[in-house]
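S.K.: Okay, here's what each chain looks like letter by letter:
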Amino acid sequence: MADPKTKDIEVSPEESRWKEDLEQVGFVRKLFLARKWYGADWWLVSISAIMVLGFLMMAVFPGAFAPYGPHELVGPRFLAPGEVPEIPVLVVHQGANISSLEDYARPSDQGRVPLGVLQGLPTAGALREEASLIDGQLKDRDDDLRLRPDIIRFDTRQEMLQAIVDGEVEGAVVQLQEFEKVAGDYPDLELAGSISGDLSTQGGFILGTNEIGQDVFSRLIWGTRIALIIGFSASLVALFLGVPLGLLAGYVGGPFDRLLSLLMDSLYAFPGLILAIAITAVLGPSVLNVIVAIAVLYIPTYYRIVRGQTLSVKEEVYIEAAQSIGAKRGDILWQYIFPNVIPSVAIIFSVNVADAILTGAGLSFLGLGLPPTIADWGIDLARGQRFIQTAWWMITFPGFAIMLIVLAFTMMGEGLMEIFNPKLRER
Amino acid sequence: MQEEILYSIRDLTVSYHTRAGDVVAVDDVTMDVMSGEILGLVGESGCGKSTLGKALLRLHTGLAEITSGELVFEGTDLMKLAPREMTNIRGAKLGMIFQDPMTSLNPVQRIVDHIKETILAHEAVSELVAEQRAGEIIELLGIRRERLDDYPHQMSGGMRQRVMISLALALHAELVVADEPTTSLDVIVEAKFLDLLKDLQEKFNLTILMITHNIGVVAEVADRVAVMYAGKIMEIGTVDEVFLKPKHPYTQGLLSSVPNIKLDDKDLYHMEGMPPNLLDPPKGCRFHPRCPYVMDKCRSQVPQLTVIEGRQKAACFLYEEVKAREVVNG
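In the order they appear, the protein sequences are chains W and Y. Start counting the first sequence at 1; every next residue gets the next number (the numbering used here). Start counting the second sequence at 1; every next residue gets the next number (the numbering used here).
Quick caveat, the hints were computed from the structure, so don't treat them as lab data. A few of these clues could be false.
[What the hints assert, rightly or not] For lysine-lysine, the following BS3-like pairs were computed, each having C-alpha atoms within a straight-line distance of at most 30 Å: (1) Y:Lys192 / Y:Lys283; (2) Y:Lys80 / W:Lys314; (3) Y:Lys93 / W:Lys328; (4) Y:Lys80 / W:Lys328; (5) Y:Lys198 / Y:Lys245; (6) Y:Lys297 / W:Lys314; (7) Y:Lys297 / Y:Lys283; (8) Y:Lys80 / Y:Lys93; (9) Y:Lys93 / Y:Lys192; (10) Y:Lys198 / Y:Lys262; (11) Y:Lys262 / Y:Lys297; (12) Y:Lys203 / Y:Lys192.
For clarity, every value in this text was computed on a predicted model and none was experimentally measured.
Turn these sequences into a full structure, and let the hints guide you.
M.R.: Structure representation (structure tokens):
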């Protein structure tokens, strides 16, 4: 009884053409076309999604982005961003067959080795320190070899380098950059090696170094991993506990709902960070405990939103219609209520990850959350705080990283909310 | 017309337990639904007609409760069934179409899944068979098979309402309660929908309880009509009987209130007073405060539905007296 007269109240031709156009393009292109519908929100989500993706990449492959390991002592301490480290090097006469200070070691009766330094520079101190270190090692070996430099101070660099050429001193300690500038004028001289430090760090550290000579930039990248682990795991644990409880409480109702709501509200009544501090203080510092502490904090958020949504969806006509076709209670909860509730959960999740990262950083800033062996932004913040007046870069960049990641997740959540919850949009 | 009773409602009372007290929305209603008929149920908003319709499927939720009565369907009292058994009957033998097709389909489920779910909930068939049958049903209702994969928001109101019927037809439900199915449709779509409903009713020998406040719709499609006021059935009979020779003063008032293009504004009848507050309904006949023919008896005693003429029954003392006089005279 496919009555021809009922056929003509189908789709209008414009609608079907529009639909076909959209059907013909691939998923990626569809996503790109969506900017026409959603405008500013689309850009918000796209930009934040790229940021989130970047952070994810950093967390998964920190080695590909970070030049050093998180705990490696790679350079001088307190080096400002971009500042070139001063590397004292040993300059000798060509053909002297000297490649490091150790080569100056000689039997103790042959006297001291004359080495030149510049007046008023810390190079003399570095030379004396390094030489006595080597001398101590030689003494322990007990083969009568000793290294005892006779440090001769010069007023100008030219005098000192000329002294090497003339043979007055057997070598001199100069800063690498200074020597490179004038090396062309002294073809007879050559670079033997560094007194201390690594020659490869002469490019400097883009975000500086911290109080024990670790690279701030590398620690920043390695810290992404733990921030995301805490953010995601805590939010996921909270989600997997909060959502089913909220669904059940909203759907079943009665005393179960009342009891659970009371419990959740009492959890919610605690100020967030205080509760997390209390939990970690009891459990002790470890990654797992931080995750547990933060998860407990966010269970009520999911519970409340999902319960509220369930209560309103439960009253929708299509739930009643589902009952009228004989759908079972479990089916109604799973196929009708859950899918209609889940979009709001996805949005809270995104915002929640940001919040959890912030709380996690707050905990480790207070020294409560993570063991200090882990590269974490919160720990870096706490360490940088002590040197805030002399080394601003130690606290600024981890703080900036936290801000960026929180901004990315929050922006993504807000943008998705605008897109998925059109009721909030102005029409 | 067959005279076999399909669904017999006996002394049904449905109450809403509100904070202000119990609201008796359906009060002691006794009514038979004949097999294969379209029975119209008309009345003002809030008179309890939707509550009665939902009660037939025991679909009351929240505050509502069936406080007494029997719902005899095919020889069994549905009130005695366990919730699980009731779930099995819903959809399979009793279906319902709701007022607003915009909200009565799950927005995140494809049309095909709605129909498949209905079939799979009641029959042990494979998904493929269920999908095949879904396609057949939807084509029967004049929707192209390709549109099975659409989501409800991609369909028009008329199409969604047809999808709702397909849910009732998927398992050949015997009684379909249609709760104001055309209220949110425009008149053109409404006319087509009513034609379709009538066709289906003839084809499948479907029994339909059509709840509406639109007298025109009832006059067009229904075989019999029941008039409800303040939780009680006031008059019941064939469409011709009730609409051409209304017996109950309320039915008379209701019919003269229907706007007609031939009438002037001034001629349109306005019934005096307001529908009663069901928290504290008037004693005796519920209509007596508004009744132009009110008698002393009406204020204290409740009139029962009695046969007036042919198949027409009314709950009014006016005719009792007429009858009594006839008996005396005769």
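S.K.: For each hint, tell me whether it holds in the structure or not.
M.R.: Each hint tested on the structure:
1. Y:Lys192 / Y:Lys283: 43 Å, violated
2. Y:Lys80 / W:Lys314: 26 Å, holds
3. Y:Lys93 / W:Lys328: 16 Å, holds
4. Y:Lys80 / W:Lys328: OK: Y:Lys80 and W:Lys328 at ~19 Å, within 30 Å.
5. Y:Lys198 / Y:Lys245: 25 Å, holds
6. Y:Lys297 / W:Lys314: Not OK: Y:Lys297 and W:Lys314 at ~46 Å, beyond 30 Å, violated.
7. Y:Lys297 / Y:Lys283: 11 Å, holds
8. Y:Lys80 / Y:Lys93: Holds: Y:Lys80 and Y:Lys93 sit about 17 Å apart, inside 30 Å.
9. Y:Lys93 / Y:Lys192: 25 Å, holds
10. Y:Lys198 / Y:Lys262: 28 Å, holds
11. Y:Lys262 / Y:Lys297: Roughly 38 Å separates the two Cα atoms, so the pair is violated.
12. Y:Lys203 / Y:Lys192: Cα-Cα ~16 Å, so holds.
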